[in-house]
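Trainee: Okay, here's what each chain looks like letter by letter:
Number of protein chains: 2
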Amino acid sequence: MKRLLMLLALSAGTCSLCWAQAGDDSRPAPSNLPGAEFPRIHSDLRITFRASAPGAQSVQVIPGGNDNGLGKGPYEMVRDEKGVWTVTTPPAIPGFHYYWLRVDGFASNDPSSRTFFGWSKECSGIEVPDKTQDFYDVKDVPHGELRVRWYYSRVTASWRRAIVYTPPNYDRGSDTRYPVLYLQHGMGESERGWTEQGRANFILDNLLADKKAQPMVIVMENGMNAAKPGTPPTATHRQNEAFEEVVVNDLIPMIDAAYRTIPDKEHRAIAGLSMGAGQAVQIGLSHTDRFSYIGSFSGIGIRNFDPKTSYGGVFSDPAAFNRNVRVLWFGAGTAEASWATSGKVLVEAMNKAGIEAVWFEVPGTSHEWQTWRVCLHNFAPRLFRK
Amino acid sequence: MKRLLMLLALSAGTCSLCWAQAGDDSRPAPSNLPGAEFPRIHSDLRITFRASAPGAQSVQVIPGGNDNGLGKGPYEMVRDEKGVWTVTTPPAIPGFHYYWLRVDGFASNDPSSRTFFGWSKECSGIEVPDKTQDFYDVKDVPHGELRVRWYYSRVTASWRRAIVYTPPNYDRGSDTRYPVLYLQHGMGESERGWTEQGRANFILDNLLADKKAQPMVIVMENGMNAAKPGTPPTATHRQNEAFEEVVVNDLIPMIDAAYRTIPDKEHRAIAGLSMGAGQAVQIGLSHTDRFSYIGSFSGIGIRNFDPKTSYGGVFSDPAAFNRNVRVLWFGAGTAEASWATSGKVLVEAMNKAGIEAVWFEVPGTSHEWQTWRVCLHNFAPRLFRK
Chain A
11 MKRLLMLLAL
21 SAGTCSLCWA
31 QAGDDSRPAP
41 SNLPGAEFPR
51 IHSDLRITFR
61 ASAPGAQSVQ
71 VIPGGNDNGL
81 GKGPYEMVRD
91 EKGVWTVTTP
101 PAIPGFHYYW
111 LRVDGFASND
121 PSSRTFFGWS
131 KECSGIEVPD
141 KTQDFYDVKD
151 VPHGELRVRW
161 YYSRVTASWR
171 RAIVYTPPNY
181 DRGSDTRYPV
191 LYLQHGMGES
201 ERGWTEQGRA
211 NFILDNLLAD
221 KKAQPMVIVM
231 ENGMNAAKPG
241 TPPTATHRQN
251 EAFEEVVVND
261 LIPMIDAAYR
271 TIPDKEHRAI
281 AGLSMGAGQA
291 VQIGLSHTDR
301 FSYIGSFSGI
311 GIRNFDPKTS
321 YGGVFSDPAA
331 FNRNVRVLWF
341 GAGTAEASWA
351 TSGKVLVEAM
361 NKAGIEAVWF
371 EVPGTSHEWQ
381 TWRVCLHNFA
391 PRLFRK
Chain B
11 MKRLLMLLAL
21 SAGTCSLCWA
31 QAGDDSRPAP
41 SNLPGAEFPR
51 IHSDLRITFR
61 ASAPGAQSVQ
71 VIPGGNDNGL
81 GKGPYEMVRD
91 EKGVWTVTTP
101 PAIPGFHYYW
111 LRVDGFASND
121 PSSRTFFGWS
131 KECSGIEVPD
141 KTQDFYDVKD
151 VPHGELRVRW
161 YYSRVTASWR
171 RAIVYTPPNY
181 DRGSDTRYPV
191 LYLQHGMGES
201 ERGWTEQGRA
211 NFILDNLLAD
221 KKAQPMVIVM
231 ENGMNAAKPG
241 TPPTATHRQN
251 EAFEEVVVND
261 LIPMIDAAYR
271 TIPDKEHRAI
281 AGLSMGAGQA
291 VQIGLSHTDR
301 FSYIGSFSGI
311 GIRNFDPKTS
321 YGGVFSDPAA
331 FNRNVRVLWF
341 GAGTAEASWA
351 TSGKVLVEAM
361 NKAGIEAVWF
371 EVPGTSHEWQ
381 TWRVCLHNFA
391 PRLFRK
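These protein sequence lines map, in sequence, to chains A and B.
When the count follows the numbering used here, it moves up by one through the first sequence with no breaks and lands on 396 for the last residue.
When the count follows the numbering used here, it moves up by one through the second sequence with no breaks and lands on 396 for the last residue.
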């Protein structure tokens, strides 16, 4: 049996040409450039990658991360007589996965795919359709707008940009005011992440069409690019040192001036993923006078939680905290062990101390965007209800 | 003397390491990824490119096009003992230039640079600062917004997106209505081109701050991706077959419904660059009941212009045409010979026939974005004045 599985695995790796050329059931990935036939996704979610590189000695497909849903790479591509390299991976997990090619050792985008800002670079990505859920698809519902808003930050002494989701019909009702969710990307990503990889706008469009969430404005800024003047550009870990100040001193006042928001703490939320989860928790818990809703998607929970001292003592009076912060929400995918475990342990410790924190698990997904899409889809309906 | 120049040229090509490492006057290109030290632009506008590719046999820098301002490539990079490849080009023309690397023959993005949609792919680009003009810089002036607007096209039977520039304070005055400019990119580009490469939004922000243009909405859509259902995806030349129908039947009605426009022909303009110039002229002249202003930036002018028959006979009564179309504008860079010559010849023939077409030349620039930025900067102030 083991041998049969090995043979099957081998044939999946080497026989992709026959599949693709024999009119099989595979289709171009939705993340491909217009007209690009590869990568192709098979009905069982195996993926065939292909690249023309006649002069190369070695071409590999590299999944972005240890196991981001594409399985364990690298995948060695096989050259045909014309210099076209091909490989078929085992079935992928549905969702969005970063990847790149390695051509004679040089990390390169796949020229057939769109790029997405991740891994601190313009990175190839593949969208693997999910047959079981469609909450992030572009549907025939009213769509909000994404607005690119430039503003000057005194903290960083530079022009910065925020991407702002305004819900459908924002322009129609000139008196309606909206609550605001500040939503942060992860390490190596940018303000583009939550819409281009995460599809936050479509998730909200669909929730709103189903009347499952309150209409809200969503603000996405760059938490990797918020250094004060004079910070050495090579100090990567310091590139977000000033992000909390940017949010509190520059971004929130600008948003409340430029958009029809309800500018109080009862109508302001902050959430983020991974590094952005840390930022959301840090900024939210340090400013409970400004935020009443806090969401952590795949954040690393602190160890040895102590309600009296952790997070600056904000939990020292649990009853007061529960009145003050209306939703404190933690989620992670079950396939991202360290994040899931540490988050769950933290929430259990909080609950034991009488703090009404919520724990949520996404079945089967790893430290990747599918987890965070599902997190947003669960978190957003809880906002601005109370 | 000739030998001295050759030596200088050689030293520029091979001695870049000493320049870059000796604290010379070079700076990271503004189009680099955050924190990326290369490519670096020297004060005389030579550019040093660098990439780490220890396993490669050959690495080149390829300018995107015959002479797009980076000079004539390919430029062979030179390997050091650690596998880091470097080359310094001759001085570049200021402006935005597409380029890519070729690693053992494989076209790859430069991992240090942002990507821009051009050449039908996610393509590296370098912004070379212009010391003589700053009309497209991000300045301390009120900024308009860029809005991503999804809409359903009946023509293509698909969800499409437009990028819409709304001028500063659009949200403040709920009664003010605006004229609209439809603005098209070139072959192999997308709706992102005019803002990411062209900086159309900053050009308008700055013109408006100087009171040199009328406040207007600008609409940018994808003229490369407008095929009717059933069109084979490989039929590249047919991907824009239906664009005229999309604009007239779907896009204009959507924009006039979604934004506070002045929905008449006196307040509607269309312009584009290269392929988009052809689309703008074609759509504009075929629908003079909808457009009063038409701009062609580096379009190929038709030969043997005949006022009686060319463009469907729209010029057969020059006086009527001049009353009807308020600005018909053609421009090109002097360094893009075929475009400049054919456009100039066309405008001369039109003028001779009594048609008030305008001809404009951008000194020294080629078939590239610097030409089109200057064109927009000259064209936009002429709109919606009469």
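Hints are computed from structural coordinates only; laboratory data are not their basis.
Model, not experiment: these values are computed from the prediction.
Accuracy of the hints is not assured; some may be wrong.
With a cut-off of at most 30 Å between alpha-carbon atoms, the simulated DSSO-like pairs for lysine-lysine come out as follows [said to hold, decoys possible]:
id, chain 1, residue 1, chain 2, residue 2
1, B, K318, B, K275
2, B, K141, A, K238
3, B, K82, A, K92
4, B, K238, A, K141
5, B, K362, B, K318
6, B, K362, A, K82
7, B, K141, B, K275
8, B, K141, B, K318
9, B, K149, A, K238
10, A, K354, A, K82
11, A, K238, A, K222
12, A, K141, A, K354
13, A, K318, A, K362
14, B, K141, B, K238
15, A, K354, A, K222
16, A, K141, A, K238
17, B, K222, B, K149
18, A, K149, B, K238
With the C-beta cut set under 7 Å, the calculated list includes, among others, these residues of chain B facing chain A [stated by the list, open to error]:
id, residue
19, A63
20, G65
21, V113
22, F315
Idealized CB from N, CA, C, for every residue including glycine.
Trainee: Evaluate each hint against the coordinates.
Mentor: Now for the hints, and whether the structure bears them out:
For the given pair, K318/B sits about 24 Å from K275/B by alpha-carbon distance, which is consistent with the 30 Å threshold. For the proposed pair K141/B and K238/A, the alpha carbon gap of about 27 Å is at most 30 Å, so the pair holds. This hinted pair checks out: K82/B and K92/A have alpha carbons roughly 29 Å apart, not beyond 30 Å. Taken as a hint, the K238/B and K141/A pair is honoured in the structure, with Cα atoms around 27 Å apart against an allowance of 30 Å.
Restraint check for K362/B and K318/B: the C-alpha separation of about 13 Å stays at or below 30 Å, so the hint holds. Using a Cα cut-off of 30 Å, the hinted pair K362/B and K82/A is violated, with the two alpha carbons roughly 69 Å apart. For the proposed pair K141/B and K275/B, the alpha carbon gap of about 39 Å is over 30 Å, so the pair is violated. For the suggested pair K141/B and K318/B, the alpha carbons sit about 46 Å apart, so the restraint of at most 30 Å is broken.
For the hint linking K149/B to K238/A, the alpha-carbon distance of about 20 Å falls within 30 Å, and the restraint holds. Under the criterion of a C-alpha separation no larger than 30 Å, the hint pairing K354/A with K82/A is consistent with the structure, at around 26 Å. A distance of roughly 40 Å separates the Cα atoms of K238/A and K222/A; the hinted pair therefore is violated under the 30 Å criterion. Straight-line distance between C-alpha atoms of K141/A and K354/A comes to about 28 Å, which keeps the hinted pair within the 30 Å bound.
Taken as a hint, the K318/A and K362/A pair is honoured in the structure, with Cα atoms around 13 Å apart against an allowance of 30 Å. The straight-line distance between the Cα atoms of K141/B and K238/B is roughly 45 Å, outside the 30 Å bound, and the hint therefore fails. Pair hint K354/A plus K222/A holds up; C-alpha atoms about 26 Å apart against a cutoff of 30 Å. Among the hinted pairs, K141/A with K238/A is inconsistent with the structure: their alpha-carbon atoms are about 45 Å apart, more than 30 Å.
A distance of roughly 16 Å separates the Cα atoms of K222/B and K149/B; the hinted pair therefore holds under the 30 Å criterion. Taking the CA atoms of K149/A and K238/B, the gap is near 20 Å; set against the 30 Å cutoff, the hint holds. The closest approach between the C-beta of A63/B and any C-beta of chain A is roughly 4 Å, which is under the 7 Å cut-off, so the hint is satisfied. A cut of 7 Å between beta carbons decides the hint on G65/B: the least distance to chain A is about 3 Å, and the hint holds.
A cut of 7 Å between beta carbons decides the hint on V113/B: the least distance to chain A is about 5 Å, and the hint holds. Interface hint at F315/B: violated, since its Cβ lies 34 Å from the closest Cβ of chain A, which is beyond the 7 Å cut-off.
The structure shown violates the earlier hints numbered 6, 7, 8, 11, 14, 16 and 22.
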